[in-house]
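Student: Protein chains in written order, with numbering that gives the first Met the number 0: chain A, 0 to 619; chain B, 0 to 145.
Just so you know, the hints here were simulated from the structure itself, not pulled from any lab data.
It is possible that part of the hints are untrue.
Taking lysine-lysine pairs in the PhoX-like style, the calculated list, with each CA pair at most 20 Å apart, reads [to be verified]:
| # | chain 1 | residue 1 | chain 2 | residue 2 |
| --- | --- | --- | --- | --- |
| 1 | A | Lys-553 | B | Lys-65 |
| 2 | A | Lys-591 | A | Lys-515 |
| 3 | A | Lys-553 | A | Lys-543 |
| 4 | A | Lys-201 | A | Lys-469 |
| 5 | B | Lys-72 | A | Lys-584 |
| 6 | A | Lys-536 | A | Lys-469 |
| 7 | A | Lys-515 | A | Lys-201 |
| 8 | A | Lys-536 | A | Lys-515 |
| 9 | A | Lys-373 | B | Lys-79 |
| 10 | A | Lys-591 | A | Lys-469 |
| 11 | A | Lys-515 | A | Lys-553 |
| 12 | A | Lys-201 | A | Lys-108 |
| 13 | A | Lys-584 | B | Lys-79 |
| 14 | A | Lys-560 | A | Lys-469 |
| 15 | B | Lys-65 | A | Lys-591 |
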Amino acid sequence: MSSLVGFLSLVFAIGINFYLFLSRYIFKFQKQKFNLFIRFSSLLTLLSFFSLMYAYVVSDFSNYNVFQNSHSNKPLIYKISGTWGNHEGSMLLWLSILSIFSFFFSFTKNIDESFQRLTLIIQSLLHILFGLFIVFTSNPFLVNSILINEGLGLNPILQDPGLAVHPPILYGGYVGYSIVFSIAIAGLFQNTDDEWLYVAKKWSLISWTFLTGGIALGSYWAYYELGWGGWWFWDPVENISLMPWIAGLALVHSLMMVRGEQAIKKWIVFLSILCFSLSVFGTFLVRSGILTSVHSFAADASRGIFILLIFFIVTGFGFLVFLLKEPKKSNALNLLFINKVSALVINNILMIIATLTILLGTIYPIIIEVLYNKRISVGGPYFNATVIPIMIPGFLLMSIAPILSWQTNKIQNSKKYVLGFIILSILVLIQSYFLDFNTWGFVGLLLGFWIILASIIAIFSSYKVKFTIKFVKIINPHIAHIGVGIAIIGITCSSVFQNELDFNLSEGDKFIVNGKTVLFEEIETTNQINFQALRGKFLFNIEKNQSKQIEAGKNYYPVSKMITSEAGILHQWNKDIYFILGDQKDNEWFVKVLINPFVSFIWLGVIIMMYSGLIAVSRR
Amino acid sequence: MSLRFQRLLLILLTLVIILSAVLLILYNTRENVSYFYTPSEINKPDIVKNETIRIGGFVENNSFNKISSSSFKFKITDEKASILVIFNGILPDLFREGQGAVIEGAFVDNDIFNATNVFAKHDENYMPASIKEDLKDTGYWNKKYK
Chain A
0 MSSLVGFLSL
10 VFAIGINFYL
20 FLSRYIFKFQ
30 KQKFNLFIRF
40 SSLLTLLSFF
50 SLMYAYVVSD
60 FSNYNVFQNS
70 HSNKPLIYKI
80 SGTWGNHEGS
90 MLLWLSILSI
100 FSFFFSFTKN
110 IDESFQRLTL
120 IIQSLLHILF
130 GLFIVFTSNP
140 FLVNSILINE
150 GLGLNPILQD
160 PGLAVHPPIL
170 YGGYVGYSIV
180 FSIAIAGLFQ
190 NTDDEWLYVA
200 KKWSLISWTF
210 LTGGIALGSY
220 WAYYELGWGG
230 WWFWDPVENI
240 SLMPWIAGLA
250 LVHSLMMVRG
260 EQAIKKWIVF
270 LSILCFSLSV
280 FGTFLVRSGI
290 LTSVHSFAAD
300 ASRGIFILLI
310 FFIVTGFGFL
320 VFLLKEPKKS
330 NALNLLFINK
340 VSALVINNIL
350 MIIATLTILL
360 GTIYPIIIEV
370 LYNKRISVGG
380 PYFNATVIPI
390 MIPGFLLMSI
400 APILSWQTNK
410 IQNSKKYVLG
420 FIILSILVLI
430 QSYFLDFNTW
440 GFVGLLLGFW
450 IILASIIAIF
460 SSYKVKFTIK
470 FVKIINPHIA
480 HIGVGIAIIG
490 ITCSSVFQNE
500 LDFNLSEGDK
510 FIVNGKTVLF
520 EEIETTNQIN
530 FQALRGKFLF
540 NIEKNQSKQI
550 EAGKNYYPVS
560 KMITSEAGIL
570 HQWNKDIYFI
580 LGDQKDNEWF
590 VKVLINPFVS
600 FIWLGVIIMM
610 YSGLIAVSRR
Chain B
0 MSLRFQRLLL
10 ILLTLVIILS
20 AVLLILYNTR
30 ENVSYFYTPS
40 EINKPDIVKN
50 ETIRIGGFVE
60 NNSFNKISSS
70 SFKFKITDEK
80 ASILVIFNGI
90 LPDLFREGQG
100 AVIEGAFVDN
110 DIFNATNVFA
120 KHDENYMPAS
130 IKEDLKDTGY
140 WNKKYK
């Protein structure tokens with residue numbers, strides 16, 4: 000029953016969008032009525048999504064999708080998240096989020112009516128494309144022909160609270176760029192004034208904030224769930240999410256800086272199209288099965304071709320409009336050697352090069368295989384060695400960019416900055432001399448601290464410190480950059496200064512980690528709702544009274560016959576102590592302990608960046 | 000500095016950035032890319048000792064041996080040839096005999112492959128697309144694999 004409701008409302012919503020698209024050139028709608036139709040179709044799409052979710056929650060195994068991906072003994076939260084833990088459901092989620100963005104955009108006030116309508120028509124077109132994709136290749140509402148009492152279960156690795164919310168948030172970013180795309184195209188067509196720039200800024204900030212949150216959640220999940228001790232592996236799917244993120248960052252900066260310059264306006268349109276194209280391209284790469292990764296649910300050639308088609312339509316249409324239409328002429332670019340505009344230009348060039356580098360590394364294996372029939376893999380070392388050096392000048396630039404002038408080459412209070420930089424370099428050099436000297440570690444720490452210091456100097460020397468909302472908004476760019484600096488420190492420390500210790504232990508053994516004695520208490524097995532848990536119990540720092548218990552082990556999921564690792568992590572503000580339980584032989588267990596310094600700084604930095612993203616939404 | 004000179008400087012700077020990025024990419028695609036083989040392709044003489052490569056195939060049945068709780072010996076096969084692998088560390092959760100795996104490492108001598116990384120992907124039906132074709136040819140292909 001719920002499958003029928005879901006399918007009908009999905010089809011009906013697509014029908015409404017068709018009708019809207021056709022009627023625009025036949026009937027003349029009143030604005031109110033038009034928006035009502037858009038909202039109605041959005042609600043229908045959501046109804047469709049929630050009926051699938053309902054089928055998951057009540058374990059309605061008459062639905063083929065539920066049967067394939069769910070099991071009646073799963074905890075409720077994973078029944079809900081199972082809705083998007085598979086290809087079909089995740090595409091329906093994609094469409095639902097597209098609808099939500101259209102829904103809210105239809106309420107935007109104080110913008111030109113015809114501009115708003117044109118934007119929504121483009122959204123309608125996207126809705127039709129992705130809607131047809133779902134109906135024809137990925138229908139989640141197929142019904143089993145025979146009666147079935149039990150499902151096959153959700154991939155255990157996806158049964159995690161962090162990962163349950165990761166897809167909707169990430170999609171909020173990916174799909175959010177659809178509205179930015181539509182706004183940019185509509186802006187080119189209408190071409191009346193620069194109003195669309197403000198609208199685009201708001202929505203691209205929202206999308207970027209969602210994307211940041213989604214990537215960070217995925218990365219945090221990989222950190223504690225995969226049990227490899229790292230949080231970024233340059234996996235193709237991670238790269239795919241990073242590309243629109245960097246392009247989106249360039250877009251946000253361009254939108255902040257634009258003062259009606261013709262060249263920058265054009266560039267903004269280009270970036271808007273690029274961001275959404277990269278999102279669709281990423282979907283194609285993941286869903287087509289060309290790239291094998293944690294995220295490729297199933298490879299199906301017809302899906303790949305369909306998405307590739309959508310990609311070509313979206314990108315082709317976007318760039319065609321971009322080439323044919325010009326933004327209205329206005330101010331010329333005020334380029335000086337080092338002023339705000341030139342900093343922006345260089346920063347954008349660097350970001351685009353970084354994006355292209357990642358793109359190249361991600362699809363290089365495919366190109367080589369097609370051309371030479373040789374198989375290669377491009378892993379972390381390539382990306383570390385190309386992307387990081389490209390980003391470094393950008394990071395240097397960003398420390399001073401917010402205080403550069405619009406009109407002249409002069410930098411206010413330049414002496415303070417030079418002095419600050421010299422003192423900081425000496426301090427970091429001394430510090431790295433006492434720890435093991437490492438070039439990357441030195442560069443990373445210096446950059447991170449310098450960005451923070453320069454931002455703080457800028458806040459205190461350029462503005463009067465007041466505790467008002469207005470002040471919070473004014474210093475927001477600096478706060479965002481402080482977040483980046485903190486994240487850089489975290490990234491540098493946790494990757495360069497990571498320490499790895501290996502032990503072979505029996506129950507009751509004591510061993511030393513980071514100068515503290517750890518007791519390997521026992522191995523315990525317990526039965527949980529839908530898995531069996533094997534846990535090694537460790538007592539950290541037994542000499543003191545405030546000893547901490549750490550549990551590391553594995554879970555066995557009988558339904559899918561799978562094992563997952565569960566790392567035991569002791570979080571401290573300046574380091575994570577990360578326990579992984581390995582294999583066993585003759586009562587000896589292999590235990591790997593990783594000391595990851597300042598990992599928490601990464602998450603803190605990301606939270607600050609997201610906060611700034613949200614604050615900037617409200618700033619005009 | 001005249002306006003014209005400043006713009007020239009900017010353009011030069013941009014060119015330098017782009018050029019260095021291109022050089023960086025070219026250098027790294029030669030240095031930091033590892034080739035991927037199946038076990039039967041290994042015996043070609045073009046594989047240099049101590050060069051990092053990846054090998055994809057199946058963990059051969061009855062070949063897995065625990066030397067200690069953290070060092071393992073097993074064979075990777077594609078039914079035409081098999082390679083003896085030693086690995087120190089923690090094997091991935093889905094590592095099992097008869098399952099697909101990709102190993103990264105280098106040959107320490109002509110017969111023994113020293114693995115630094117072992118990948119067994121998260122979906123138990125997972126199969127690296129790149130070795131799918133070979134497996135279909137040898138009949139090791141299992142319909143369950145997607």
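Student: Hint by hint, note whether the structure agrees.
Tutor: Verification of the supplied hints:
1. Lys-553(A) to Lys-65(B): Within the cut-off at roughly 19 Å; holds.
2. Lys-591(A) to Lys-515(A): Holds: Lys-591(A) and Lys-515(A) sit about 16 Å apart, inside 20 Å.
3. Lys-553(A) to Lys-543(A): 29 Å, violated
4. Lys-201(A) to Lys-469(A): Holds, at about 18 Å.
5. Lys-72(B) to Lys-584(A): 14 Å, holds
6. Lys-536(A) to Lys-469(A): 51 Å, violated
7. Lys-515(A) to Lys-201(A): 50 Å, violated
8. Lys-536(A) to Lys-515(A): 16 Å, holds
9. Lys-373(A) to Lys-79(B): 19 Å, holds
10. Lys-591(A) to Lys-469(A): 50 Å, violated
11. Lys-515(A) to Lys-553(A): 25 Å, violated
12. Lys-201(A) to Lys-108(A): It holds: about 13 Å lies between the C-alpha atoms, which stays within 20 Å.
13. Lys-584(A) to Lys-79(B): This hinted pair is violated, its Cα atoms lying about 32 Å apart.
14. Lys-560(A) to Lys-469(A): 57 Å, violated
15. Lys-65(B) to Lys-591(A): With Cα atoms ~17 Å apart, Lys-65(B) and Lys-591(A) stay inside 20 Å; holds.
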